[in-house]
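There are 2 protein chains.
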Amino acid sequence: MSESQREIGRRVLLSEIRKHGRIPRINLSENTGISRATVTTITAELLREGLIEEVTSETPDKDARRGRPKVDLKICGAARLIAGAKISNRTISLELLDFEGTQLANLEAELEKPVFEAEELAQVLAGLVSQLAAKIGKNLKDVSGLGVGIAGIVDASEGFVHWSPSLTKRNVQFRDVLQDTLAIPVFLDNDANLVAMAEKSFGLGQGHSDFIVVTIESGVGMGIVIGDEIYRGTRGCGAEFGHTKVQLEGALCRCGQRGCLEAYVADYALLREAMIAGGARADRQVDEVLEAAKTGDAAAASIVERAGRMFAMGLANIVNIFDPELIILAGEQMQFSHLYAEDVIQTMRKSIVQIDKAPPEVVIHKWGNLMWARGAAAYALENVSELALQGMADHVG
Amino acid sequence: MSESQREIGRRVLLSEIRKHGRIPRINLSENTGISRATVTTITAELLREGLIEEVTSETPDKDARRGRPKVDLKICGAARLIAGAKISNRTISLELLDFEGTQLANLEAELEKPVFEAEELAQVLAGLVSQLAAKIGKNLKDVSGLGVGIAGIVDASEGFVHWSPSLTKRNVQFRDVLQDTLAIPVFLDNDANLVAMAEKSFGLGQGHSDFIVVTIESGVGMGIVIGDEIYRGTRGCGAEFGHTKVQLEGALCRCGQRGCLEAYVADYALLREAMIAGGARADRQVDEVLEAAKTGDAAAASIVERAGRMFAMGLANIVNIFDPELIILAGEQMQFSHLYAEDVIQTMRKSIVQIDKAPPEVVIHKWGNLMWARGAAAYALENVSELALQGMADHVG
Numbered sequence: 228m229s230e231s232q233r234e235i236g237r238r239v240l241l242s243e244i245r246k247h248g249r250i251p252r253i254n255l256s257e258n259t260g261i262s263r264a265t266v267t268t269i270t271a272e273l274l275r276e277g278l279i280e281e282v283t284s285e286t287p288d289k290d291a292r293r294g295r296p297k298v299d300l301k302i303c304g305a306a307r308l309i310a311g312a313k314i315s316n317r318t319i320s321l322e323l324l325d326f327e328g329t330q331l332a333n334l335e336a337e338l339e340k341p342v343f344e345a346e347e348l349a350q351v352l353a354g355l356v357s358q359l360a361a362k363i364g365k366n367l368k369d370v371s372g373l374g375v376g377i378a379g380i381v382d383a384s385e386g387f388v389h390w391s392p393s394l395t396k397r398n399v400q401f402r403d404v405l406q407d408t409l410a411i412p413v414f415l416d417n418d419a420n421l422v423a424m425a426e427k428s429f430g431l432g433q434g435h436s437d438f439i440v441v442t443i444e445s446g447v448g449m450g451i452v453i454g455d456e457i458y459r460g461t462r463g464c465g466a467e468f469g470h471t472k473v474q475l476e477g478a479l480c481r482c483g484q485r486g487c488l489e490a491y492v493a494d495y496a497l498l499r500e501a502m503i504a505g506g507a508r509a510d511r512q513v514d515e516v517l518e519a520a521k522t523g524d525a526a527a528a529s530i531v532e533r534a535g536r537m538f539a540m541g542l543a544n545i546v547n548i549f550d551p552e553l554i555i556l557a558g559e560q561m562q563f564s565h566l567y568a569e570d571v572i573q574t575m576r577k578s579i580v581q582i583d584k585a586p587p588e589v590v591i592h593k594w595g596n597l598m599w600a601r602g603a604a605a606y607a608l609e610n611v612s613e614l615a616l617q618g619m620a621d622h623v624g
Numbered sequence: 228m229s230e231s232q233r234e235i236g237r238r239v240l241l242s243e244i245r246k247h248g249r250i251p252r253i254n255l256s257e258n259t260g261i262s263r264a265t266v267t268t269i270t271a272e273l274l275r276e277g278l279i280e281e282v283t284s285e286t287p288d289k290d291a292r293r294g295r296p297k298v299d300l301k302i303c304g305a306a307r308l309i310a311g312a313k314i315s316n317r318t319i320s321l322e323l324l325d326f327e328g329t330q331l332a333n334l335e336a337e338l339e340k341p342v343f344e345a346e347e348l349a350q351v352l353a354g355l356v357s358q359l360a361a362k363i364g365k366n367l368k369d370v371s372g373l374g375v376g377i378a379g380i381v382d383a384s385e386g387f388v389h390w391s392p393s394l395t396k397r398n399v400q401f402r403d404v405l406q407d408t409l410a411i412p413v414f415l416d417n418d419a420n421l422v423a424m425a426e427k428s429f430g431l432g433q434g435h436s437d438f439i440v441v442t443i444e445s446g447v448g449m450g451i452v453i454g455d456e457i458y459r460g461t462r463g464c465g466a467e468f469g470h471t472k473v474q475l476e477g478a479l480c481r482c483g484q485r486g487c488l489e490a491y492v493a494d495y496a497l498l499r500e501a502m503i504a505g506g507a508r509a510d511r512q513v514d515e516v517l518e519a520a521k522t523g524d525a526a527a528a529s530i531v532e533r534a535g536r537m538f539a540m541g542l543a544n545i546v547n548i549f550d551p552e553l554i555i556l557a558g559e560q561m562q563f564s565h566l567y568a569e570d571v572i573q574t575m576r577k578s579i580v581q582i583d584k585a586p587p588e589v590v591i592h593k594w595g596n597l598m599w600a601r602g603a604a605a606y607a608l609e610n611v612s613e614l615a616l617q618g619m620a621d622h623v624g
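For the record, the sequence lines run as chains A and B. Going by the working numbering, the first sequence opens with residue 228, and the numbers climb by one from there. Going by the working numbering, the second sequence opens with residue 228, and the numbers climb by one from there.
One or more of the hints may lead you astray.
Which copy? The list can't say, so a pair holds if one copy fits it or any two copies do.
Claimed, not checked - Below, a list of computed lysine-lysine pairs in the BS3-like style, where the Cα atoms sit at most 30 Å apart:
#1 Lys396 - Lys246
#2 Lys362 - Lys577
#3 Lys368 - Lys584
#4 Lys365 - Lys584
#5 Lys584 - Lys396
#6 Lys396 - Lys577
Hints are computed from structural coordinates only; laboratory data are not their basis. No experiment lies behind these values; they were computed from the predicted model shown.
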């Protein structure tokens, strides 16, 4: 068995054990095609490393009379402590997981302002991860890795933020700033990608290898899962669904360009139109507009309805490009329910290429910031697993 | 070594040999991490099967004095004969390759009509593949596989045509019809996917694992390569770039929907507008419109210019979604040069998410139908290789 085969074997077996929760050695061999002898060798290494543990099998043993209890392997929860954080406009949400992915603690903290210097935000995060760890009697340094989801344009592989609404500056090597401050491994990604990760790991994307997640908050985000992996593009600015154009030289977007989907469906877009229809009331809130639409205000209804049609058109474009099995519309806030409405989905279905086969399934998943944070933690868990295996390659050989 | 490991090993080594052209056994082991002993066993099987052959190494042998000439392994060209066909509006183009991918012969035939019954088109193809094989003194039955590219909506994995402009009926299990008539394995795909395959195998996509091909003929097509594989979607109707919407309730498209990109950039779209500007001259041709635009006709210039802006907007949407390393604009006909124009590409660059990093590279690749046919043959080659390996699994064990 060559070195690379051994490393691949460790990765495959650890992932297979994680997938099944509990699994006997013999099934590992059958499921992966790795020989029984090699499974025995590699699982012994993983046991010694403390990444997995043996537990008495829960399945009844036909050969119980032999007196040897059947043994399953499982991930050792205590092996590592993992944190995830989602940085929002005015809050940071955090989740603490063990190595099995079990939720140990969580935390939601208000931010005193929406935009930070990178170093300042790193200090805030360091304090919050310490607080989170303290909830189970641990310290920041006991955490093996932190996943961080941030809005904006993020090159995850480089840990680089091209631009984020949470940071004062463009072009920040933010992962390094975080690692310098927290002194633990940090894994940074665009927040919509981490929603996709959450859906894949423990949400509605479980068991699907290819699907699209569309997130709606104050902006419109997208996560693309292809072949069980998050597709991130070359420079970290793929999946920018909110800035795909739905109108040539259309409405002005916050990004400075014209005709972006966000310029028609985001909260500020609805308010911009409501101001025209409602006179000079600049203090009008989105939920007032939505309420007015429901209670028969024609102008408000027209504003909300067009947002829905534009959103349907954007979604149809995604379907025409990806032809996905599943689209998950994920969002926290009830205020965007008009975009998830059945007639919006129905308009999308009419705007895609028509074949005599059912269109992609569309599911709506309303969830809170803590689920985003759990997605960030799942991302960290994946990377911490990889670090643990690399560590083994270095010293076990 | 388990059965599945042996099969994986065969696939990895055959692919590695194909990639390198000529390679010594020792490098196969180093490149793939497969042990020297296993490389020896598996390459012996591939040699017995006739899929590869030994040749004297071209690299000078430092140990030549030992008197044992150094040996490389290469794909055995004579192992299989592969054909590819591209079905166009009025022509079928065909290419014949050997198992190494060397071009042996080609053929272009006029079609007497643009739309066929499936069985009729299969008969036409059978005759043409026979003619093609006859060019090197072979018969249809000597061909190990035929790749077929056809316009329309094709589920490649099922060999099923949801719809094609070349077929009278919708919902045709066209691969089975072809296999019944030709009595050889047939691999069917959307023609734009086969352009992507051609670009990947021997065109501008070589060495790129992720890129997008946009094809412009009378319609607008797209091929998506992600992780070295063509991404085809779930039902075979992904990558429908021409039917992504660029205008809410916009111009009527041939597909019956409104606002599709094609309804603004295809030849019929330009003619529709030219008819309005030029009076009732229904016989006007696209090249007349393009010529008029160049020579100062304001209406013609406006028509062509808007097509370019709509195309740029569509391309920008693709970049905002995929953030690809490379976009290849591939088309046969010079008549679409206005869409490849530098100011169109420049408009696209201004319409994508702006970061302080260079935008994706855009290259223009003008080629003929024979290149599309070669892509179809490359697709068949990939599948015939797989069939050969599966055959080995059955009888070598």
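Structure-based check of each hint:
| no. | hint | in the structure |
| --- | --- | --- |
| 1 | Lys396 - Lys246 | neither (40 Å within a copy, 45 Å between copies) |
| 2 | Lys362 - Lys577 | neither (51 Å within a copy, 49 Å between copies) |
| 3 | Lys368 - Lys584 | neither (53 Å within a copy, 35 Å between copies) |
| 4 | Lys365 - Lys584 | neither (54 Å within a copy, 41 Å between copies) |
| 5 | Lys584 - Lys396 | between (48 Å within a copy, 16 Å between copies) |
| 6 | Lys396 - Lys577 | between (43 Å within a copy, 22 Å between copies) |
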